[in-house]
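J.: Next come the chains, spelled out residue by residue.
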Amino acid sequence: MPNLQAPTAAGSAPGLARALELGLTEFEYGLIVEKLGRPPAQVELACFSLLWSEHCSYKHSKKLLRSLPSEGPALVMGPGENAGAVDVGDGLVCAFKVESHNHPSAVEPFQGAATGVGGILRDVFAVGARPIAVLDSLRFGEATSPRSRYLLDRAVAGIGHYGNSIGVPTVGGEVYFEGPYEQNCLINAMCLGLAPRERLIRAAAAGVGNALILFGASTGRDGIGGASVLASAELGVDDAAKRPSVQIGDPFEEKKLLECSLELLDRELLVALQDLGAAGLTSSAAEMASKGEVGVDVHVDRVPLREPGLEPFEIMVSESQERMLCVAVPERVAEVLAVCERWETRATVIGEVTDSGHMRVLCDGEVVGDMPVPALVDDCPLYDLDPQSPVAQLYPAPVRTLHTEEPREVLLALLSSSNLASRRPLFEQYDCVVQSRTVRRPEQSDAAVLVLDPSAVAAAPDAPAPALAISIDANGRRVACDPYGGTVEAVLECAANLACAGAEPLGLTNCLNFGNPEKPHIAWQLTESIRGLGDACRALGVPVVGGNVSLYNEGGQGPIYPTPVVGMVGRLPDARRAGGLGFAADGDEIALVGPFAPDLHGSELAKLAGAELPLGLPEFDLDAVRAAIAAVRDAVRAGSLASAHDVAEGGLAVALAECALAGGRGATVSVDPERPTPGHRKALPALFGESPGGFVVSGSPAALAALTARTRVVTLGRVGGDALSIDAGETRVTVELAALRQATGALAALFA
Amino acid sequence: MKFGVVRFPGSCDEVDAQLAAARVGEAVLLWHADRDLQGVDAVIVPGGFSYGDYLRAGAIARFAPVMDAVAEFARDGGLVLGICNGFQVCCEAGLLPGALLPNTGLRFVCRQVQLEVVNASTPFTAGCAEGERLSIPVKHTTGRYYAPAPLLDAMSERGQIVLRYAPGENPNGSIQDVAGVCNEAGNVFGLMPHPEHAVDALTGSADGLALFASMASAAGPRPLARA
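First to last, the sequence lines map onto chains A and B. Take the first sequence: its position 169, counting from 1, is numbered 169 in the numbering used here, and each next residue is one higher. Take the second sequence: its position 105, counting from 1, is numbered 105 in the numbering used here, and each next residue is one higher.
Since the hints were derived computationally from the structure, they do not count as laboratory data. If you're wondering where the values come from, they're calculated on a predicted model, not measured in any experiment. C-beta: ideal position from N, C-alpha, C; glycine also. Take these hints with a grain of salt, some might be off.
Unchecked claim - Label-pair distances were calculated between CB atoms; the ranges are: (1) B:Ala-206 x A:Pro-396: 49 to 57 Å; (2) A:Gln-742 x B:Ser-217: 43 to 51 Å; (3) A:Asp-266 x B:Gly-173: 41 to 49 Å; (4) B:Pro-65 x A:Gln-557: 54 to 62 Å.
To be verified - Sample of chain A residues lacking proximity to chain B, with all beta carbon distances greater than 12 Å (derived): (5) Glu-307; (6) Pro-330; (7) Asp-586; (8) Ala-709.
With these hints in hand, go ahead and build the complete structure from the sequences.
T.: And the structure:
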């Protein structure tokens with residue numbers, strides 16, 4: 001039994017009923033009492049309820065996540081730190097992570113999305129990396145729904161507000177509209193940062209007697225209990241009342257905090273650094289102590305407050321934004337405070353590192369909480385899931401919106417559908433050029449491309465310019481059809497996008513957005529999806545460097561589509577050879593490359609046609625897809641292709657249209673309908689069917705022929721003219737570029 | 001030729017401007033709290049969100065100590081380039097005529113736009129030809145240039161309208177498609193587009209480099225105080 005100092009000033013213990021209100025179970029409460037040897041005081045219960053919440057403890061997913069591969073030649077820092085990191089060469093490492101801010105955004109989309117960006121930025125600069133890019137992955141209900149349009153409008157504004165104001169470019173992302181996200185939108189933000197290898201810092205507190213310094217914004221009542229109240233429970237009818245649980249962001253404060261943190265690290269003034277995110281000071285202090293296997297004393301009366309009268313437990317769990325916690329040796333404290341003052345960032349010594357192994361919370365010299373650090377951080381019970389595969393599809397068929405099979409009309413309907421139309425009205429609200437690294441902007445290539453060193457580019461215009469390529473992907477509907485296969489597809493799509501830019505994957509991060517894992521079918525989705533994620537990563541040799549899990553994504557109408565969002569970072573040796581998706585020159589030959597096996601099940605066309613979601617997707621040859629990805633990557637980085645584009649949602653015809661629009665050039669092609677079906681229907685699978693492993697590339701006949709040694713190549717036609725003309729057996733589709741452009745501009749209406 | 005790029009809390013494009021200027025000369029950062037301009041030959045007030053753009057874009061930055069020195073430098077005929085937020089700051093500081101209002105679309109817009117050089121005889125555009133088109137990105141929420149009609153006519157007559165958005169390219173509703181203006185003396189120039197983000201074809205366009213190159217050739221030794 002641990003020897004714990006009973007709090008002297010906390011009054012009576014709040015008891016089991018309060019614990020249940022805070023989201024703990026009776027079993028968990030009993031375990032806490034056992035760990036403490038007495039019922040927890042108010043501060044202690046608040047700390048436990050947050051750190052033992054799903055959001056902080058991963059108690060329903062941790063066992064599954066251990067199956068993911070986290071080793072690789074480029075890996076520098078794996079799961080468990082604020083952000084994972086990979087070696088990108090030239091003495092630099094890239095730290096990156098994706099995180100969700102779903103429930104706050106469903107309640108208050110502008111601040112929810114903005115602080116989602118703010119939080120992921122802090123995760124990255126907390127390890128000492130300067131954030132160089134943000135990407136986002138968004139899901140809303142159908143665009144016909146006023147609520148979805150409101151959430152979209154405000155979430156996009158919030159992302160832009162934060163990213164633009166802080167000087168980090170938003171270089172890519174994805175957004176889809178599907179009925180099951182109507183109540184529970186998804187806002188996932190990914191950030192990556194760069195650091196000289198020696199500047200990376202871990203979050204482990206060390207050195208008994210060292211000072212614990214809180215710096216950044218003051219602490220208020222915003223976001224009290226966000227991790228347990230919002231992030232670890234299903235959404236319900238009284239969500240408007242939860243608005244006080246949503247944090248308010250201040251990007252200006254964070255910009256100062258960012259510059260200040262990096263200067264502190266450059267001057268080597270810190271022993272450890274940690275951001276304050278979910279569960280605020282409780283989580284940061286406990287995590288730091290846990291990693292360093294030390295104790296900490298936190299004096300809550302020294303914490304600068306935004307308003308008077310906060311209770312000690314409120315100070316400990318507040319999720320006020322733009323705060324960091326660092327550890328410094330006593331002799332360096334004055335210098336730390338001086339750097340903070342120069343950046344007009346408030347800094348306060350609020351405690352010290354101890355050898356007790358406990359986190360003690362003190363207020364005016366009295367102990368109001370005393371908890372063993374391992375009990376807080378490591379001893380939350382982990383649960384086994386009870387997965388059961390469903391015998392019927394869990395999700396209703398989408399509402400039918402397309403009533404024709406005439407291929408030209410189908411193509412235009414797909415291009416103007418909310419899932420495929422140009423994302424320009426969104427990404428134009430984001431600064432994509434600040435920091436002078438952006439070589440490929442949205443819609444120029446399948447992946448964003450950023451040079452590692454802009455000053456080297458200026459100094460040596462002819463030298464190779466090493467660069468990173470980044471992609472973020474997920475397809476919830478396909479994962480709903482087949483949690484294993486759909487997740488494998490998402491990983492492959494990311495790798496395919498990187499290949500089209502010429503980049504080889506170095507590492508992967510993920511955000512697993514699922515419903516309530518205590519329900520057997522959701523448990524099955526999660527289990528199968530993680531199995532697919534692991535298999536795909538092992539097949540590609542890409543380590544999972546970290547990630548985030550967001551569960552309980554359910555509204556009154558049921559769970560969201562299972563949505564494992566995958567973010568991948570790769571390297572290409574020379575940005576001057578970065579691939580583009582647009583057709584580049586009239587007369588270039590066009591080919592379909594890879595083991596593409598189009599199928600309409602689970603496709604965008606099936607959605608528009610209102611088809612039931614199948615249980616299972618067609619199997620495919622993973623090795624053949626991997627070979628095609630490698631062949632395209634090598635050809636792009638050799639500079640032998642004029643364009644390369646992954647065939648994704650909407651199939652081959654939509655991919656061709658996207659290449660034509662991006663290049664401002666038409667094309668004349670013929671595709672081979674293989675299915676023995678009558679009339680126009682015969683052409684539909686070939687034109688609009690989907691599958692992994694397809695690329696549309698263009699270039700010289702010799703360059704395309706060279707690919708045949710490594711993968712399947714089907715010559716389609718040639719670039720030229722001002723229309724896209726597709727011959728598919730008995731069917732011919734001809735659409736002028738202007739008509740394509742008008743169709744794909746459909747999203748502008750959502751922002752009118 | 002030595003450029004000084006001001007760094008306010010909340011500046012975002014100061015390092016970009018420094019990198020761009022370094023392609024044609026030397027470039028240093030100037031801290032907002034210092035009055036010392038370190039003997040620079042030209043000053044760039046960069047883009048970003050100085051002081052969070054709280055109150056009104058540029059309204060707080062104009063009171064930064066460094067801006068006293070910049071104003072004095074401008075009075076003495078030194079070259080001052082205000083980009084985006086820097087343009088807003090120069091207008092707030094009275095170094096440039098007119099004001100920047102919220103975009104008509106009320107949204108942030110980031111877009112590569114075509115500009116037309118209206119006056120190629122300023123120290124900032126001498127390397128361009130009149131009527132030349134420049135491809136340079138804009139990215140702002142508060143970029144709609146406004147000046148009262150009589151002032152605008154007078155400015156136009158005096159050659160103070162330096163850049164316009166090409167027909168159909170105006171991203172923010174600026175009056176008469178004005179994208180960049182200079183003061184009467186011609187030594188202070190502000191524009192909403194970001195020439196520092198158009199200095200290399202690799203990152204989209206090299207058309208903005210002409211502005212920095214023009215400044216480098218024009219600045220030479222710093223002129224003495226005006227008579």
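J.: All hints are to be evaluated individually against the structure, with a verdict given for each.
T.: For each hint, the structure was consulted:
For Ala-206 of chain B paired with Pro-396 of chain A, a C-beta distance near 53 Å keeps the hint of 49 to 57 Å intact. The hint said 43 to 51 Å for the Cβ distance between Gln-742 of chain A and Ser-217 of chain B, and at roughly 46 Å that hint holds. A C-beta distance of roughly 42 Å is found between Asp-266 of chain A and Gly-173 of chain B, which places it inside the suggested range of 41 to 49 Å. For Pro-65 of chain B and Gln-557 of chain A, the hinted distance range of 54 to 62 Å is satisfied, since their beta carbons lie about 58 Å from each other.
The Cβ of Glu-307 of chain A lies farther than 12 Å from every Cβ of chain B, with a closest approach of about 20 Å, so its non-interface assignment holds. The beta carbon of Pro-330 of chain A is kept farther than 12 Å from every beta carbon of chain B, the shortest such distance being approximately 28 Å. No beta-carbon of chain B comes within 12 Å of the beta-carbon of Asp-586 of chain A; the shortest separation is about 21 Å. The claim that Ala-709 of chain A lies off the interface holds: its Cβ sits roughly 31 Å from the closest Cβ of chain B, which is beyond the 12 Å cut-off.
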